[in-house]
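Chemist: Residue-level listing of the chains:
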Amino acid sequence: MAEITYREALNQALREEMVRDDAVFLMGEEVAEYDGAYKVSRGLLKEFGNRRIVDSPISELGFAGLGVGAAMVGLRPVIEFMTFNFSYLALDQVINTAAKWLYMSNGQINVPIVFRGPNGSALQLSAQHSQSCETYYVHAPGVKVVTPATPADAKGLLKAAIRDNDPVAVMEGELLYNMKGEVPDDDDFIVPIGKADVKREGEDVSIITHGKSVHVALQAATKLEKEGVQVEVVDLRSIRPLDMQTVLASVRKTNRAVYLEEGWAFAGVGAQIASMIQEEAFDDLDAPVLRISQADVPMPYAKNLENFARPTVDRVVKACNRVLYRNGNGR
Amino acid sequence: MAEITYREALNQALREEMVRDDAVFLMGEEVAEYDGAYKVSRGLLKEFGNRRIVDSPISELGFAGLGVGAAMVGLRPVIEFMTFNFSYLALDQVINTAAKWLYMSNGQINVPIVFRGPNGSALQLSAQHSQSCETYYVHAPGVKVVTPATPADAKGLLKAAIRDNDPVAVMEGELLYNMKGEVPDDDDFIVPIGKADVKREGEDVSIITHGKSVHVALQAATKLEKEGVQVEVVDLRSIRPLDMQTVLASVRKTNRAVYLEEGWAFAGVGAQIASMIQEEAFDDLDAPVLRISQADVPMPYAKNLENFARPTVDRVVKACNRVLYRNGNGR
Amino acid sequence: MAETKTATKKGPATRDDMSGDPLNGVAPETALRLMRNMLLFRRFEEKAEEGYAIGKIGGFCHLHIGQEAVAAGSIGVLRADDYVISAYREHTQALAKGISPKAIMAELYGRADGCSGGRGGSMHLFDASKGFMGGNGIVGGQIPTATGFAFAIKYKKGDQVSLCFLGDAAINQGAFHESLNLAAVWKLPVIYAVENNGYGMGTAFRRVSAREVKDRGDGYGIPCHRVNGQDVIETYTFFSKLVETVRAGGGPQYVDVRTYRFKGHSMSDPVSGTYRSKEEVDKRVEQDDPIRMLRERLFEAGVMDQEALEAMDNEVRAEVNEAAEFADASPVPDPANLYQHAYATINEHGRLFVDGREDAPRARDEES
Amino acid sequence: MAETKTATKKGPATRDDMSGDPLNGVAPETALRLMRNMLLFRRFEEKAEEGYAIGKIGGFCHLHIGQEAVAAGSIGVLRADDYVISAYREHTQALAKGISPKAIMAELYGRADGCSGGRGGSMHLFDASKGFMGGNGIVGGQIPTATGFAFAIKYKKGDQVSLCFLGDAAINQGAFHESLNLAAVWKLPVIYAVENNGYGMGTAFRRVSAREVKDRGDGYGIPCHRVNGQDVIETYTFFSKLVETVRAGGGPQYVDVRTYRFKGHSMSDPVSGTYRSKEEVDKRVEQDDPIRMLRERLFEAGVMDQEALEAMDNEVRAEVNEAAEFADASPVPDPANLYQHAYATINEHGRLFVDGREDAPRARDEES
Ligand SMILES: Cc1ncc(C[n+]2csc(CCOP(=O)(O)OP(=O)(O)O)c2C)c(N)n1
Ligand SMILES: Cc1ncc(C[n+]2csc(CCOP(=O)(O)OP(=O)(O)O)c2C)c(N)n1
Ligand SMILES: [Mg+2]
Ligand SMILES: [Mg+2]
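Sequence order for the protein chains is X, H, V and W.
Under my numbering, the residues of the first sequence are numbered 1 to 331, in order.
Under my numbering, the residues of the second sequence are numbered 1001 to 1331, in order.
Under my numbering, the residues of the third sequence are numbered 2001 to 2368, in order.
Under my numbering, the residues of the fourth sequence are numbered 3001 to 3368, in order.
Warning: the hint list may mix true and false statements.
Said to hold, decoys possible - Think about it this way: if two alpha-carbon atoms lie no more than 35 Å apart in a straight line, the pair counts; the simulated DSBU-like pairs of lysine-lysine are:
| no. | chain 1 | residue 1 | chain 2 | residue 2 |
| --- | --- | --- | --- | --- |
| 1 | H | Lys1180 | V | Lys2278 |
| 2 | V | Lys2156 | V | Lys2241 |
| 3 | X | Lys199 | X | Lys226 |
| 4 | W | Lys3214 | X | Lys39 |
| 5 | V | Lys2187 | W | Lys3278 |
| 6 | V | Lys2214 | W | Lys3157 |
| 7 | W | Lys3283 | W | Lys3102 |
| 8 | X | Lys39 | W | Lys3283 |
| 9 | V | Lys2157 | V | Lys2241 |
| 10 | V | Lys2130 | V | Lys2214 |
| 11 | W | Lys3130 | W | Lys3241 |
| 12 | H | Lys1039 | H | Lys1226 |
| 13 | W | Lys3278 | W | Lys3130 |
| 14 | W | Lys3156 | H | Lys1039 |
| 15 | X | Lys180 | W | Lys3283 |
| 16 | V | Lys2130 | V | Lys2156 |
| 17 | W | Lys3263 | V | Lys2187 |
| 18 | X | Lys253 | H | Lys1226 |
| 19 | V | Lys2056 | V | Lys2263 |
| 20 | X | Lys39 | V | Lys2156 |
| 21 | W | Lys3156 | H | Lys1046 |
| 22 | W | Lys3157 | X | Lys46 |
Hints listed in this document are in silico derivations from the structure and should not be mistaken for laboratory results.
Let the sequences and hints guide you as you build the complete structure.
Modeler: Below, the structure written as structure tokens:
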């Protein structure tokens, strides 16, 4: 165990998997000579050379599709999108090729590719650079989606994704890259895809969430604890496949749930989870499952507007209070 | 009132709006000389010439984006996607430009554009040509989405969409084009965007749905009626904006709801509606809101597999019975 | 045979080497193989047309009749371990790469013995073991994929070639542009063969491009070629050299393969009428039938006579009939396997499928 | 001024007409206007840099220092009703099209008086009334939009011009390819001006293209040009002619505008170090400063002297300082308007916003 940053954890995962398997390579804009726009691939060009760490032109559709083709014939590409915002341009290759080739070929052609990069908002990056793109990746079957919230999860999930035989989107967070945490040194440390993680236990209400929002949920839990409310925080970690067992166990215990996500609500991840909870644990619910998300507008630039549009700790606390039918602040 | 096909209804809508406003033009693959791949634009080239009925190269990103630009400076483009499956290629222009320009420019630049074409599965078109694309269009704010199920709705909603000052996706259905129905002749007949339609009244259970699935819902209702169950069928018609008033009124009456959609469940339209229903009518629900959708796989080609993967009348009936806590067939 | 009636017409077949050899140096047995392949392709497509008419085949179905020489003359020079990927008009290309007529016909019929298990249909044929990597129904979608095969070949220091077919209309897609640039920058062993039949559905290429197909390859730093894709001897000779060039490290190549589609775009599109006249089609069918052109060469070279040709044709017809019988006898796919192959393993930690159906595979952990 | 120390250096300024006129036929008052504009651009960008350093400006911020002549020399020839659209490095282009320094600086500060109401920021500047149609942060995303402006101009039989700026790295995007073809086929009045500063972030263009920027326009049937974008007189003269050509129905044009970025890609990118050496940058700054180059011409032509230049610079500095003061005094946007302009009318039949917030506008019908 060492305390390292989320960025270093991703870097270690890439390095270790590249050492382990020559078929693994990293491709994307600025990943090689520049060490990555967010420095996730720092030092990898030096260690592995430009055969395996490949700077690409700004051609998201092209290089994502190239990766998909390479994956079909034996390589294990890791395709970095500088941010997932730019990957709308590549979506056809993700959904119409990567996600379908195995099925359409009746199991003949695997597509073991990883798409990774930061997702969601950072600081004042405006409408085009602040989007949470989970929905576009989870809706169609054929792709897996993971959203590590901590350095350990980042390392373990990225390693699992690279070893996985399906396309996996690893959605990181720009604001997480500098976060520190304990990470196992073991070269074979893996966080299995499809396992949620109870990041905090509690009996009164479940906040279910994923990605960067886990930390907002934990702050809300701390706040509520001071008011005597015990919050359980369930981090999905993996959105597809989905660990409903852990989600349902938590809801059956607390009887109340709030879904928190960074992105938009309409057909968001929260919509899916909330509807599944009420489908499968209807009688266990003492209150509706509420959802907290970004305001339903393109993210504005101005700092005050951006903060206002975000799903804040206060909004989460308020939602918890609502499902607990309490007024909050001890009132 | 005349009985015409859904195809003719769309054709009339285009024609009338083009007569009414010179700023309206139609662009897409095969829309002009070929009269449209599905003959929706039959005769329009002859009537309006190639200034206003424009055959484009196969460049979805390019011509959709061109339409967006033209819309910003005073035209009212109707962009036909031969099917919405191909529009993943254009998604960046839809989400990062069309949906955001008005907001980012602080209200200076409207984008009155219509994206239209068939959506969802037809007959044995396989995985890449059978997708229901609503989720990709409704998730991000800035676009409106309508899904006419009848000839009258097709005409009224397309006309409303063309007159609307925002980007509107009009999602049609290949299998609907030949359907006949009564359509008002009035040149100013409009179906307002954002108004759901109760296609059948009933007291026992609400099937909420949109698009082609409305007809599946109506068949299920007929079947259930024979067993003494009165089904209400609510056709959203417009997914964004969403007529929750009508949805909630129906659920408050029947206390039971099933969402039926053609596409995939994960972060689908049904997920959004189901979660909103439980959020807003929790105490009115006597059973969980169930969702019926396509099987969660890429659509297979073989007829038997395709039928098996579809959300059939039987599956809807079964879901209704489940929320009614009855065994069905009078048992 | 349809082309018998034009047996006396002289086609525009080329004699490159001026030797007077009607086969232009191509070995007689090779020429005969090309003939057999093209006949097989033609008869197979005719059978598919029949199958569609009687409702055995559904969905979209695009025939390659008229373009057989392109598949025979290009894929015919490849090794088994070379990769081919195409669009949706790919029956004959799949045959050329070695998938059996039975497996393809069964696929068109949507049966379990189809080369894609009945899941793909006409537009999505696969046999990875033979290097046939699919049909992509999204125009232009296969171009980045083919580029990826070439990237992998170079990465693994192999000497295979990736052959990518695309239609003339596909070159207006962004995927074309991005791919050609990537291939040029990294000098990848890929051949972009544009089957230039002059139309994308009902749209003549010249209506949607200010320059010709060959010229549209300018700008990337990739050699641009043009070949008469109706003449299988020319096509074969050309691709023989080109593939060797690429195998030897010559980098990406772009080819304008001139050809013509004798049938409608798909089964619902009439052969002529809206976008091309009957006269145009008739003239091209008469002048540019690849089978007739090769037949003339073979007859002239004395390698084959009418009798031998008819015997070959009968053999091929029998093979195709057998394929149809095989397809018809093959069972439909088992719905119990509906979820299989949506993912590599369908029984994972966590639920992969959320459609709420009872038959959907559950998560590994939930079962215990 | 930074460029004073190189006052004696001779730049590569061209003398097209051989007349010996240092202004190459450009009217003195025009040349002075170009100088004032470039000075304004330079000082504005320096102020923005300062504003970023002290935390008044956030997000991504890309400066145009070194590339001022491109904006001045091209947009400078446009009419008010012509359209300009660009990427995210567009402060000076917005200034050139007539948006006031105040409105732009206020936008960078995220204030209500900003030209985008504080919602866009550095990458998304707009003034539709002046024909400045935005900054698009998606590389290549503005190219189809500009093509659409041109389509609309032609459709309405207008004689405006659509001027599209893009970076050298953007030409590897599919949007570039599709747009140029559309413009060529329909002969649209659009100019694609590639600001070829040699790099896309840290990637030298030659590493991601097998051919030069100018050659990448081959293949479309569009005239391809090259111009020295550091020399504002050359740029202005060139665009004057080009814009007239387009206005007269000459159709789309493609221009490789050679330029150089004197600063890092964005505020977080150092000026030199990783992908370009200090020597390279120093040399280019010394040789290719557009302001110095014009100053030499003006001095030589006797149109301006050092004193006048300094007076002009002081004037411009004052204007920029005022802009910063204005920005700082401007209020932050009112959160009560958060939902406004997400749609043309936010109070529709049906709910447009489903985030469950109390302050989200409800449906028109629900309120009653
Ligand atoms: C992205 C996309 N857009 C449109 C279509 C519909 N479509 C199918 S085939 C076709 C024409 C393609 O022509 P071409 O590439 O020349 O190939 P050909 O049919 O002539 O072999 C079109 C427009 C599609 N399948 N994919
Ligand atoms: C589609 C997309 N991919 C990647 C990026 C990240 N990015 C922003 S600017 C840039 C470099 C663009 O270079 P160029 O087009 O030459 O313009 P310059 O910055 O030199 O003015 C990159 C890769 C983006 N904004 N959009
Ligand atoms: Mg074609
Ligand atoms: Mg650049």
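Chemist: A separate judgement is required for each hint: does it hold in the structure or not?
Modeler: Each hint, compared with the structure:
1. H:Lys1180 with V:Lys2278: 34 Å, holds
2. V:Lys2156 with V:Lys2241: 23 Å, holds
3. X:Lys199 with X:Lys226: Cα-Cα ~18 Å, so holds.
4. W:Lys3214 with X:Lys39: 32 Å, holds
5. V:Lys2187 with W:Lys3278: Judged against 35 Å, a Cα distance of about 31 Å means the pair holds.
6. V:Lys2214 with W:Lys3157: Status holds; Cα separation ~33 Å.
7. W:Lys3283 with W:Lys3102: 33 Å, holds
8. X:Lys39 with W:Lys3283: Distance of about 28 Å is within 35 Å: holds.
9. V:Lys2157 with V:Lys2241: The hint holds at about 21 Å.
10. V:Lys2130 with V:Lys2214: 30 Å, holds
11. W:Lys3130 with W:Lys3241: Holds, because 22 Å separates the two Cα atoms, which is no more than 35 Å.
12. H:Lys1039 with H:Lys1226: 39 Å, violated
13. W:Lys3278 with W:Lys3130: 39 Å, violated
14. W:Lys3156 with H:Lys1039: 27 Å, holds
15. X:Lys180 with W:Lys3283: Violated. Lysine 180 of chain X to lysine 3283 of chain W sits at ~42 Å, over the 35 Å cutoff.
16. V:Lys2130 with V:Lys2156: Roughly 19 Å separates the two Cα atoms, so the pair holds.
17. W:Lys3263 with V:Lys2187: 33 Å, holds
18. X:Lys253 with H:Lys1226: 42 Å, violated
19. V:Lys2056 with V:Lys2263: Holds - the C-alpha atoms of lysine 2263 of chain V and lysine 2056 of chain V are around 19 Å apart, at most 35 Å.
20. X:Lys39 with V:Lys2156: Between lysine 39 of chain X and lysine 2156 of chain V the Cα gap is close to 27 Å, so the pair holds against 35 Å.
21. W:Lys3156 with H:Lys1046: 20 Å, holds
22. W:Lys3157 with X:Lys46: Given pair lysine 3157 of chain W, lysine 46 of chain X is violated - Cα atoms ~57 Å apart, limit 35 Å.
Violated hints, listed in ascending order, are 12, 13, 15, 18 and 22; each of the other numbered hints is respected by the structure.
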